[in-house]
Amino acid sequence: MDSALIPEGVKRCPTWKFLLALAIAGAVLLWGVVAMLMVWFKGLNQTNMNDYYGFALWIWADLAFIALGGGAFFTGLLRYIFGIKELKNIINYAVLIGFICYSSALLILAIDIGQPLRGWFIFWHANVHSMLTEVAFCLSCYFAVLCIEYLPLVLENRQLDRVPFFHNLSHNMHETMAVFAATGAFLSFFHQGSLGGVSGVLFGRPFSFRTGINVWPWTFFLFTWSAAAYGPCFTLSITWLTEKISGKKLVKDNVVELLAKIAGWMIITYVVAKIIDTVYWATVTAPSLGFKWTFFYSNNPLYGKWILLTEIVICGIIPGLLLISGPTRRNPTTRIIALLLGVLGVSINRWVMVLQVMAVPVMSFDKWVLYYPSWQEVATTLLPVAYGVIMILISYRYLPIFPQEAELNPVDSVSASDGVELEDGQQDEKEAQTDGQAVPAEA
Amino acid sequence: MKQEQTKHRPKRYGMVIDLDKCTGCGSCMVACMAENNVPFKKDESDKLLSITWMRVYKITNGKSFPDSDICYIPRPCQHCAGQHEGHSPCVSVCPATATDYSRETGIVSQIYTRCFGCRYCMAACPYHARYFNWWDPVWPDGMEKYLNPDVSPRMRGVVEKCSFCFHRYQAAKDKAYLEGRRVVEEDEYQTACTQACPAGAIVFGDLNNPDHLVHKLVKPDLKNGGRPRNPEVFRLLERLGTNPKVYYKSSRQWVRKAGDNYLPGEKPGAVIQKSHS
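Protein sequence lines, in the order shown, are assigned to chains F and Y.
Be aware that the first sequence starts at 339, since it is given in the numbering used here, and climbs by one per residue.
Be aware that the second sequence starts at 13, since it is given in the numbering used here, and climbs by one per residue.
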């Protein structure tokens with residue numbers, strides 16, 4: 339039905355399957371939209387946030403999405419600035435995932451504020467001393483960069499590409515992409531950093547407060563570093579998931595292994611810095627404010643030392659070692675375990691730097707306060723996930739996201755000249771044929 | 013205006029609460045709510061959702077009878093100055109400049125019509141002195157007539173907090189101006205909680221003015237962020253460097269110790285405040 343839109347030389351699932359997947363993701367999206375409208379029209383009383391938990395699930399989701407979307411800026415930096423050519427085969431997907439993550443983060447911010455119609459005050463009445471102001475400016479600017487990076491990909495759709503203007507525009511944008519990649523990396527350094535600064539500058543909250551350089555607390559640098567380290571883990575994890583769902587190899591192993599290796603070294607160096615930061619905080623910063631570091635991990639039912647160990651050792655040192663070691667990196671099972679642990683690790687870090695900060699009592703006569711989200715919060719947090727699934731479904735079906743797909747999954751000569759939408763019976767038959775063919779050797 | 017500011021020494025309005033006098037009656041809380049049109053709900057059982065600009069905490073020394081002792085700690089906004097004047101935990105983080113520090117009075121203000129409800133200031137405040145309007149205020153029938161016309165009620169989705177009854181300062185300044193005076197006398201500007209306290213536990217005034225009772229009680233060390241020289245006076249969470257302008261007074265050492273956090277073996281008076289700037 340939509341075969342004219344499908345990229346040349348690749349095959350896609352039947353339309354009904356595509357529509358069914360869209361419908362399932364759409365149902366979740368709709369659920370999230372209902373919750374979002376409830377929050378907008380009835381107010382933040384629809385959440386389980388309270389005066390102790392001014393920041394909660396949404397801010398965590400925001401920070402986590404942005405960290406996970408960090409694969410876009412870092413892969414772009416490696417590809418266009420450091421000139422690592424192999425990464426051109428995954429940069430499109432990194433940009434798409436980044437685009438989804440950042441647009442989601444902006445949407446969540448719009449839901450999270452008490453007076454959404456005044457959201458523009460952050461630009462109009464900007465307090466330049468606030469880390470959140472820096473977040474807002476850099477995030478918005480970087481999202482604009484991501485739009486610019488994503489646009490040429492959209493224009494490469496078969497039908498759009500026939501329009502000479504779009505074709506030339508796309509081509510020219512590709513030519514100048516290094517400029518945008520550099521801009522994106524510059525902006526990302528500051529918005530990832532300022533997100534770390536959001537909690538790091540809270541000198542009234544000894545759990546998150548960090549010393550640093552000038553106005554930038556150490557968390558500023560750690561957040562940037564961790565996004566660069568763990569963002570590619572998310573890109574590779576989603577690539578793996580897409581391959582599993584589509585039943586096709588989409589990116590060659592050498593590309594995956596290269597990015598995984600870089601991520602591994604970034605994780606290892608990040609974890610070393612994180613350990614130094616934690617030790618300094620535990621032995622110098624917190625005690626100077628009257629706290630033993632163990633205080634922050636005791637006398638409450640959730641936040642024990644396990645969370646610190648999980649973040650640093652299980653989801654930091656272990657995936658780092660698995661990815662820098664050749665045999666475990668090349669083994670698809672240990673590689674994906676490492677990548678998923680990395681994704682979990684950075685998510686735990688963001689959770690701790692938002693939720694645990696709020697939970698810890700500061701006044702000696704105050705108490706630990708725990709929190710669980712309302713269904714409206716859960717639904718609005720899943721909304722971007724469903725939106726992301728839909729974006730990937732549509733983009734993968736109609737855009738040449740994976741440059742190596744056609745080579746890795748050759749279709750026969752009859753259908754190769756055109757994008758192919760196969761019926762079920764045909765698809766099985768074709769798969770049986772292609773299974774018998776040798777996959778071209780890696781470059 | 014500039015000339016006026018340079019001719020007249022800036023004020024640092026502050027408060028001293030004598031915890032040995034406080035009985036925990038809650039009059040200060042009631043007076044504050046009435047004075048400042050603080051909204052309330054039918055069900056106020058969840059205190060994490062209650063707006064209490066002035067909140068009274070009850071603490072104990074943890075000992076059993078006959079050594080047990082209790083203390084009530086009224087906690088308004090601490091109007092922190094931070095390590096350098098104006099670097100309050102909340103003011104420094106507000107992205108829209110919706111909360112501001114007045115160098116003229118030392119009061120931390122909240123601009124309700126500019127606040128867009130990001131709640132970063134709440135996350136920054138270690139005293140939990142900031143409250144969010146999770147709902148629009150709904151007053152019982154007829155109560156609108158009893159609202160204070162000098163204080164604007166707040167709408168859903170913004171943060172609010174104690175203002176040291178700033179509208180009273182404005183009224184006192186207007187009165188002084190009309191009478192041809194430039195100086196607001198100590199008794200002309202007093203907060204509602206101060207006046208409502210039946211035990212006289214709350215004292216309010218200009219910490220910079222040696223004639224004011226707050227200054228006499230605190231004996232602030234102005235070169236050291238206003239730290240009290242009176243050994244019975246302390247501030248909450250002094251070690252964080254928030255530099256608040258609400259002081260507490262108690263003759264009981266365990267009460268003074270409860271005002272901050274200490275490592276095992278540390279003595280309250282011996283701890284040196286670290287600088288974060």
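Bear in mind the hints are in silico, worked out from the structure with no lab data behind them.
Backbone N, C-alpha and C define an ideal beta-carbon position, used for all residues, glycine too.
Do not take every clue at face value.
[Claimed, not checked] What follows is a set of in silico ranges between Cβ atoms, one per label pair, in the way DEER data are often shown:
#1 Y:L225 x F:F633: 35 to 43 Å
#2 F:N552 x Y:K75: 18 to 26 Å
#3 Y:H179 x F:W644: 45 to 53 Å
#4 Y:D81 x F:L659: 52 to 60 Å
[Claimed, not checked] Where chain Y lies over chain F, by a calculated footprint (3+ residues, C-beta under 8 Å):
#5 408 to 420
#6 457 to 466
#7 540 to 551
#8 554 to 568
#9 623 to 634
#10 697 to 711
Status of the hints after comparison with the structure:
{"no.": "1", "hint": "Y:L225 x F:F633: 35 to 43 Å", "in the structure": "holds (37 Å)"}
{"no.": "2", "hint": "F:N552 x Y:K75: 18 to 26 Å", "in the structure": "violated (47 Å)"}
{"no.": "3", "hint": "Y:H179 x F:W644: 45 to 53 Å", "in the structure": "holds (50 Å)"}
{"no.": "4", "hint": "Y:D81 x F:L659: 52 to 60 Å", "in the structure": "holds (55 Å)"}
{"no.": "5", "hint": "408 to 420", "in the structure": "violated (count 0)"}
{"no.": "6", "hint": "457 to 466", "in the structure": "holds (count 7)"}
{"no.": "7", "hint": "540 to 551", "in the structure": "holds (count 7)"}
{"no.": "8", "hint": "554 to 568", "in the structure": "violated (count 0)"}
{"no.": "9", "hint": "623 to 634", "in the structure": "holds (count 6)"}
{"no.": "10", "hint": "697 to 711", "in the structure": "holds (count 6)"}
Against the hints set out earlier in the document, violations occur for numbers 2, 5 and 8.
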